[in-house]
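As you go down the protein sequences, you meet chains A and B in turn. Throughout the first sequence, residue numbering follows our numbering, covering 1 to 718 in sequence. Throughout the second sequence, residue numbering follows our numbering, covering 1 to 353 in sequence.
For the record, the hints were derived by calculation from the structure and aren't laboratory data. The reader is advised that the hints may include incorrect statements.
Below, simulated PhoX-like cross-link-like pairs (lysine-lysine); rule was C-alpha separation at most 25 Å, straight line [unchecked claim]:
hint : chain 1 : residue 1 : chain 2 : residue 2
1    : A       : K475      : A       : K489
2    : B       : K104      : B       : K125
3    : B       : K2        : B       : K104
4    : B       : K21       : A       : K539
5    : B       : K104      : A       : K608
6    : B       : K108      : B       : K125
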Amino acid sequence: MRRTAGLWLLIGLAGYALLPWYMVAEGFWSFGWLAELGGEARSGLLWSLAARPWLWLPLAGFAVAGAALLAARDQLATARGLVAGGVLGLVLMAAQGLAILGNRTRFGLFEGETQPGMGAGALVVAAGLLFLLTTGISGLGRGRGDAFITGLVGAIVALVGIFVFYPMSFILIRAFELRDGAGLGLSEFLPRFLAPEIWSAACLTGLGNCGAAMNSLLLGLSTATGTTLLGLAFALIFTRTAFPAKRLLRVLTILPIITPPFVIGLVLILLFGRSGTITEFFSDAFGWEKTRWLYGFWGVWLAQMLSFTPIAFLVLIGVVEGVSPSMEEASQTLDANRWQTFRYISLPLMRPGLANAFLLGFIESVADFGNPLVLGGNFNVLSTEIYFAIVGTVADPAKAAILSMILLSLTLGAFVAQRTWLGRKNYATVTGKADSGQHAALNPGLRWTCYLVALPWAAFTLVLYVLIVFGSFVKLWGYDHTITLEHYKRAFGIVVRNGVHFTGAAWDSYFTTLTIAAIAAPLTAAVGLATAYLLVRQKFAGKDAFEFSTMLSFAIPGTVIGVAYVMAFNFPPIELTGTGLILIVVFIFRNMPVGVRGGIAAMSQLDKSLDEASITLGANSATTLRRVILPLMGPAILAALTYSFVRAITSVSAVIFLVSARYNMATSFIVGRVENGEYGIAIAYAAVLIVTMLAAILALQLVIGRRTLRRADRLEAH
Amino acid sequence: MKGSVRFENVTKRFGEVVALKPLSLDIAPGTLCTLLGPSGCGKTTTLRLIAGLESASEGRILIGGQDVTHLSATYRRVSMVFQSYALFPHMTVLENVGYGLAVKGTPKAEVRDRAEAGLDLVGLKGFGARLPSELSGGQQQRVAVARAIVLEPEVLLLDEPLSNLDAKLRRHVREEIRQIQQRLGLTAVYVTHDQEEAMAVSDRIIVMKNAEIAQEGTPEDLYDRPASAFIADFIGDANVIPVEVAKAGPEAEIRLLDRTYALPLAWPATGPAQLVLRPHQLRLSRDAGDGMLPAEVSYAAWLGNSVQYTLTTPAGSLFAIASPQSEGFRKGDSLHVAFRATDARLVPAASGR
Ligand SMILES: Nc1ncnc2c1ncn2[C@@H]1O[C@H](COP(=O)(O)OP(=O)(O)OP(=O)(O)O)[C@@H](O)[C@H]1O
Ligand SMILES: [Mg+2]
Numbered sequence: 001m002r003r004t005a006g007l008w009l010l011i012g013l014a015g016y017a018l019l020p021w022y023m024v025a026e027g028f029w030s031f032g033w034l035a036e037l038g039g040e041a042r043s044g045l046l047w048s049l050a051a052r053p054w055l056w057l058p059l060a061g062f063a064v065a066g067a068a069l070l071a072a073r074d075q076l077a078t079a080r081g082l083v084a085g086g087v088l089g090l091v092l093m094a095a096q097g098l099a100i101l102g103n104r105t106r107f108g109l110f111e112g113e114t115q116p117g118m119g120a121g122a123l124v125v126a127a128g129l130l131f132l133l134t135t136g137i138s139g140l141g142r143g144r145g146d147a148f149i150t151g152l153v154g155a156i157v158a159l160v161g162i163f164v165f166y167p168m169s170f171i172l173i174r175a176f177e178l179r180d181g182a183g184l185g186l187s188e189f190l191p192r193f194l195a196p197e198i199w200s201a202a203c204l205t206g207l208g209n210c211g212a213a214m215n216s217l218l219l220g221l222s223t224a225t226g227t228t229l230l231g232l233a234f235a236l237i238f239t240r241t242a243f244p245a246k247r248l249l250r251v252l253t254i255l256p257i258i259t260p261p262f263v264i265g266l267v268l269i270l271l272f273g274r275s276g277t278i279t280e281f282f283s284d285a286f287g288w289e290k291t292r293w294l295y296g297f298w299g300v301w302l303a304q305m306l307s308f309t310p311i312a313f314l315v316l317i318g319v320v321e322g323v324s325p326s327m328e329e330a331s332q333t334l335d336a337n338r339w340q341t342f343r344y345i346s347l348p349l350m351r352p353g354l355a356n357a358f359l360l361g362f363i364e365s366v367a368d369f370g371n372p373l374v375l376g377g378n379f380n381v382l383s384t385e386i387y388f389a390i391v392g393t394v395a396d397p398a399k400a401a402i403l404s405m406i407l408l409s410l411t412l413g414a415f416v417a418q419r420t421w422l423g424r425k426n427y428a429t430v431t432g433k434a435d436s437g438q439h440a441a442l443n444p445g446l447r448w449t450c451y452l453v454a455l456p457w458a459a460f461t462l463v464l465y466v467l468i469v470f471g472s473f474v475k476l477w478g479y480d481h482t483i484t485l486e487h488y489k490r491a492f493g494i495v496v497r498n499g500v501h502f503t504g505a506a507w508d509s510y511f512t513t514l515t516i517a518a519i520a521a522p523l524t525a526a527v528g529l530a531t532a533y534l535l536v537r538q539k540f541a542g543k544d545a546f547e548f549s550t551m552l553s554f555a556i557p558g559t560v561i562g563v564a565y566v567m568a569f570n571f572p573p574i575e576l577t578g579t580g581l582i583l584i585v586v587f588i589f590r591n592m593p594v595g596v597r598g599g600i601a602a603m604s605q606l607d608k609s610l611d612e613a614s615i616t617l618g619a620n621s622a623t624t625l626r627r628v629i630l631p632l633m634g635p636a637i638l639a640a641l642t643y644s645f646v647r648a649i650t651s652v653s654a655v656i657f658l659v660s661a662r663y664n665m666a667t668s669f670i671v672g673r674v675e676n677g678e679y680g681i682a683i684a685y686a687a688v689l690i691v692t693m694l695a696a697i698l699a700l701q702l703v704i705g706r707r708t709l710r711r712a713d714r715l716e717a718h
Numbered sequence: 001m002k003g004s005v006r007f008e009n010v011t012k013r014f015g016e017v018v019a020l021k022p023l024s025l026d027i028a029p030g031t032l033c034t035l036l037g038p039s040g041c042g043k044t045t046t047l048r049l050i051a052g053l054e055s056a057s058e059g060r061i062l063i064g065g066q067d068v069t070h071l072s073a074t075y076r077r078v079s080m081v082f083q084s085y086a087l088f089p090h091m092t093v094l095e096n097v098g099y100g101l102a103v104k105g106t107p108k109a110e111v112r113d114r115a116e117a118g119l120d121l122v123g124l125k126g127f128g129a130r131l132p133s134e135l136s137g138g139q140q141q142r143v144a145v146a147r148a149i150v151l152e153p154e155v156l157l158l159d160e161p162l163s164n165l166d167a168k169l170r171r172h173v174r175e176e177i178r179q180i181q182q183r184l185g186l187t188a189v190y191v192t193h194d195q196e197e198a199m200a201v202s203d204r205i206i207v208m209k210n211a212e213i214a215q216e217g218t219p220e221d222l223y224d225r226p227a228s229a230f231i232a233d234f235i236g237d238a239n240v241i242p243v244e245v246a247k248a249g250p251e252a253e254i255r256l257l258d259r260t261y262a263l264p265l266a267w268p269a270t271g272p273a274q275l276v277l278r279p280h281q282l283r284l285s286r287d288a289g290d291g292m293l294p295a296e297v298s299y300a301a302w303l304g305n306s307v308q309y310t311l312t313t314p315a316g317s318l319f320a321i322a323s324p325q326s327e328g329f330r331k332g333d334s335l336h337v338a339f340r341a342t343d344a345r346l347v348p349a350a351s352g353r
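So that you can see chain B by itself, here it is in the shape it has in the complex (with noise of 0.2 Å):
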């Protein structure tokens, strides 16, 4: 199928170190899938297995149903966009993005041709005639897109396109980038360690740890129903409790210090286990009530939009976060704490301890 891509067992070692365990996964044609983890885990690597840089040590390797494991970057129908952008600093702007059309023989009117509706696309019109060093940070970054896409590859590569822009900028870049990917229909894998950015233009997210998978889906599955702690933890923030679970099946019931909940989910095993709850899913009030937790604020920050609380429980240090609508609390405060039982998420507890 055109545009997919596919890894089946892929390994690859630099001499004593695994870069990459194992792995397997499956991009869907027309998707934009984001590799997302801490730095080290992988996801250069993977991109760059993708783009023929590197070569697998095992597996193989299919674009478009197609097996390209031992062909090389050149004959591969992959663009990709580079972190420093990698302009060719010789060429002009529109030298650049008519760079891969030039070199594949393409006549000189289409390459011109094809790079200025390029250009036009990322809304560089006019910037053909200058280097990329008289254009701003940004205005290269779309430069280096609108050189990626003229091919029209089957798959887009990204890798960390934005980490070289501030803040503001990159909100609306990726924008950008996301709705261009989308006119196009193209394929594109994007690798990013910010998972904000990830949940805001991907389709599915791949989260990566120690050269593997930790857990892929929608930005909503992971957000909503994490598989470990480390998940839960990476996509938005989370309060990870370690508790006892006290009865097993399609309702769960746990203990935490001393206090007994049942919960709307299933689980499989009765033993050790961690409860999720994201710092806005707290509710905080002066008054005790049944199952909630006596706390003291350590810390609090007002952001505006919202208060920040580092909380002190009996179950260990919380955050939350509340409307700056809601009552405020002072360091020092005694407060009790509850949450849904609905919002509760439980994940294996931590191994290797």
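The shape of chain A in the complex, shown without the other chains (with noise of 0.2 Å):
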């Protein structure tokens, strides 16, 4: 403990003394600021003794850990000390930072004084403290005496603190603010949230519009039970009966979920739009009316269908091979028929796969961004809302707040209620033991019922996809069929003169948006395998409501969590808006808990005795996760990576609020495309990172597939 405590002071120190203590203006890691150290760039010892004196706070936690490291006579008082001294300084380094702002100061201190947003050395010095903490926190006998564990529940903490919570209660107090900074209150925020503006329902008396709440409820429960009926329907067939072509299939299920917003519902335009293709052909034809139904919520509705019925498929498909052949079989030797074993056994058993499915698509309905914004027309649902209330001719913010906590009681009240529904049932099915049973095949009219469900519906995925390939090399979609690049020439133009330039307009987003998931990803799923860790392996005070914490961000809708983001991180005490690095925070807490759940899952097939051979063979902790725990997840931690990159280039309902003009992502260029209107460009550049990512995908399975894969088979201590 010793040791690592004092090496924890020294980096702390050596943050405090060395580093610049506030942001630089061009970024840590152009070392720009080595030559500006003795200006703006100095540290935080440098400008306490400056004109800062503020800034000497933080050195008190170091010094009540230093005493404690130096004087204390065992290891109880040690521990005390510096559990004490890392309290202290972190307290006293919030409160600074939260007290004396970037124009103004609060709670009456420090009249008159602002300072920048906190940089690599406050990052430093924090890290400092809090180790020093959870290492105090160790030696009090705490996580079996691990140092490793404590802090690494102390970061995941801090972290989750400062990019879930601390943002989320920007939100919370602008939703409660009243007029005139007269303080929070009741008295304005309940008016305001059960405006019947916002929950009218009119729409379903034929009186008028449906206000935005009701209309995103309304859209997320039809979402749901669609893409839960329709991905039942695919896992039925893929288990439960001889389809020829389940390969295809597959391809199709998987193709939505690296599809870029947008593209489903540009293709729907540009087939069903009043100008479509299908409308055409439909009026020229027979005469019929051509309408602008597309634009409105059945619009939006066949297009979250198609893009969320894949999420669906792969969580049903896994609880639905799950569920044991050899219960099946118990119910057939009881002399059920194929439609009662299926209807009183295996359906019931599927039970949390369906509830899960349903709670997806619930949230990922509501949340969705991009699908309302192209086809919403006069629908308005809470996402678009949001936006508009943030970045729309009059800015709104207490509007944009009220409104995301609308949204975000709508994502946690289908949390909650999955969970009631589901209870404390028991329906593990696997056991664990070899199960060699077969699966009971569908009776004759479900089987089908799914196919008649199913396959037209994978037709109609299979034709639109073959039409983003077409609409990409055409000159104007619907008007001019001339075969022409020209697309991908202003996208992804190259001139080879005098070296290579990217002259195409979209490979500044492109390069950024690669760069960037490429950071997050592995981000993503480090923390989120050791979260995972943390909850399967561990044992610690407050575990229930650390796992709560972290799986909350996956309720936050992304839009609420951008707006969250853009009101705690656009001024001191952390200033972050403009930069890559929010971008990256934003996509590691957004993807976080699919690690989490992907880790725990993977984790919980490893037998624990693995671990504890390892530690009571005298490795500790970060050795057994590296050289035990790790090389047997090769399948999970694939998954994470592949899913966090995928979801980072994809991504656009948080991204939208935090690009800028450095930092621009590919979907955010793509909205821009189509909202001039430019849909041939948006096309074409949506097909590219399709490309992108699968070759991404391929590549991630050779590397960390091939190695581990084949090794990890047999899970079991033996």
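If you follow the hints, you should be able to join the two separate chains into one complex; please do so.
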């Protein structure tokens, strides 16, 4: 313990004395600040000596911890001293940051002073203090006395606190703020939260338009129902029938996941819009009236069904496969027929899967931003309303905050409803015993229902993707079908003259997107799997709260997170807007829950005695993680990496608030093209992204999959 | 003292569940001590507390005289052999055995030499390049033992190391483990719920029940001087018969079904008690005699090297074992049962009726 604590003390002090305390303009890694060390890029120590005496405060924490290390008699006293020092330092640091802002001070302290956002020096100091604290906690005998474990818990709690709870608190405060800075209160929040224009259900009775909240709710329920049923049909075809072209189906179910948003909406417009190909065809052939039916509920719903059915499928196939064949066989030996077996045994056992698929569909649908933006028309939903409240002609952050609260209560409500419905029943049917039975086949009626529902849908998806490719190669779809490379040239043109010049308009955002996704993916996987490791393998006080808080960011829609980040990180003490860092951070905390879930599932299959064996053989937790657990978790790591990489490339809802001129992302570039009506280039860009992601996924599988998959087949400890 | 293990009032709670009531024990260096007891009595918990895989709720744990209560498992000089073996499936046998040395930063060549020596010790020379999945259960078990002992731990812990092996192999491997332990002079703590296994390998046995120690001692102690009906029945089979102690003192007198027996053993108080008789100590004959109980054979089983009888008597059902050379009885036969006063043991009456 002493060695670890001493190390962190030195690191913290070094950060305090040497690194620039505040954010430096050109970014830390350009090292331009080296020339500024006496000026704007002064270290905490130099600033304290100069004009900002409050920066002495963090030093108090180090002083207490240092005294404990040097003077304390026994281990317990040292540990207590470290805890005290860490807490003191962190509290003082947070206090000065929250009291002295970029343009004013709060709480009547240090009137007239200002300071920029914290930078590398402050980060290292905070890390030093945090790990002094956690090392001290381990010295008190917590976490089995393992400083690595307490440190990991501390780090994740701190990160989730700063990047999930801290920004969300801004939304809360904004939503409850009274007019004219009169403090906080419910008196204005409740009427605005429950406002009839938001919740109006007039469209149901045919008397006008519904409110945005009601629209979101209806859309979410319809999409979730639809995707769950379709996903189930696909999953049943996969596992319970002898359908010949399963491979092709599988590809079709993956494609939408790696398709950037808008693209499906765009193709739908090009087909079913007022001047879409199919609309034209029917109007020419049958004289049908051209309508704008696509712009509204039905269009958005159709696009969401296309986009989100694969998610339901992926959830359900695992569950449908997981239903133990021996239970179905048991049912059949009890003289139940196939339909009864399905109805009374298999279906109830799939309940958690169905609930999960429904929940995911609902959350994805209400959080979806791209499809309503393209196809919504007069059909207002919360996510787009929030967007317009922030970027619209009259920016109204308070309204955005209230709408965000409504959206959040919808998703959290769905979360709670799902938990309640599932209750505490045990649905585990995979017992770890080898199960060699066969799944019951579907009865013919059910089989044909599945075929009838799923196959036309698959065909439709296939056509859409053919059209995406087609659309990227024609001049102007619907009007001029000359084959051309023009869109690709404009987006991805390369000129070779005195070296290679990337002249295409899209290169910038393309490289930014790939770089940021490539940085975010391993970090997301690391944070997610580390959290899973703590949840599955370690015991510590407050574990339930810990699990809940790491899952929370999953229920927070991207738009809400985006708004919260804009509100929280636009000014000191943590000023991140306009940097690439904020994009990386938002991806990590948006996508982490999936890494956590996958990690939990994978780690639960690893016998716990493997880690314990390693620990008793004298390896510490970090070594155990690296040499025993990680090598056995290849597939889970692969999944987490792939997912977070793809998500970082295709997500738009949170990103749209956080991009800047310097760090533009592919999706927001596409939004811009769509808004300008340049559909060809948008589709061409999307096609390139799809190919890029496919290539990346294959490469990842080759690198990680090959090496570890083979030996990880056998996961029992024999 | 190197290799000793000492618990001072160690308690372990899992939330509401009390897995270990305040427990004190001393294990002498170089001995093999067995923790024996029915399922759920806290054996594994005790072992994991020694290893540092659980932390004590209260009390102190000392290993080799040093307080390790707050020391993490990594730094305790203790190795463990797991019931499931816990061999790392992605490492070869040699890598498995050398793992503990490798993570300590031992030079590669030395790791290999010592790992090979360890394999040699358990009779698996030449198996180093295989994966664990390419070994039989018994071989895997021995790899696990080798992996634990190459570190030269102060204390070797074994949690039901034989439960995944078949009966024949079990006897063989347990003898091997005992030999290695004695050869290296290791302190070993061995968990099992098989009393025969415990008797065969242990220097001392600690019998646990309901999260506390029921009795501890050498195998002979426990067999010859059980402190309770539970121990008597758990260590070897026993017939436990309720009796009245008519006279206390150095030569106790008991009353069973209106008969009085003088026993050559001391008993502190008159009142109810229980008489313990081992099955093979019961003598069966057709003729009645002084102090004999009438009985009827309700079940007889011929096992080759012995004959087992279940007898119905006025004192309850008795279980007897006779040699096959002795006179045979059949189901339904009437006979008489006798026992020698020197064989009889008394234990306190069952409490909490
Ligand atoms: N992690 C835990 N959480 C809660 N209770 C536990 C935990 N581990 C053990 N227990 C409880 O503590 C008691 C002792 O468990 P322990 O594993 O030590 O039993 P055991 O003697 O090894 O039994 P067995 O012979 O079945 O392995 C049991 O009642 C058990 O239910
Ligand atoms: Mg056990």
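Would you pick out the hints that fail for this structure and give their numbers low to high? Violated hints: none at all, because every hint is consistent with the structure.
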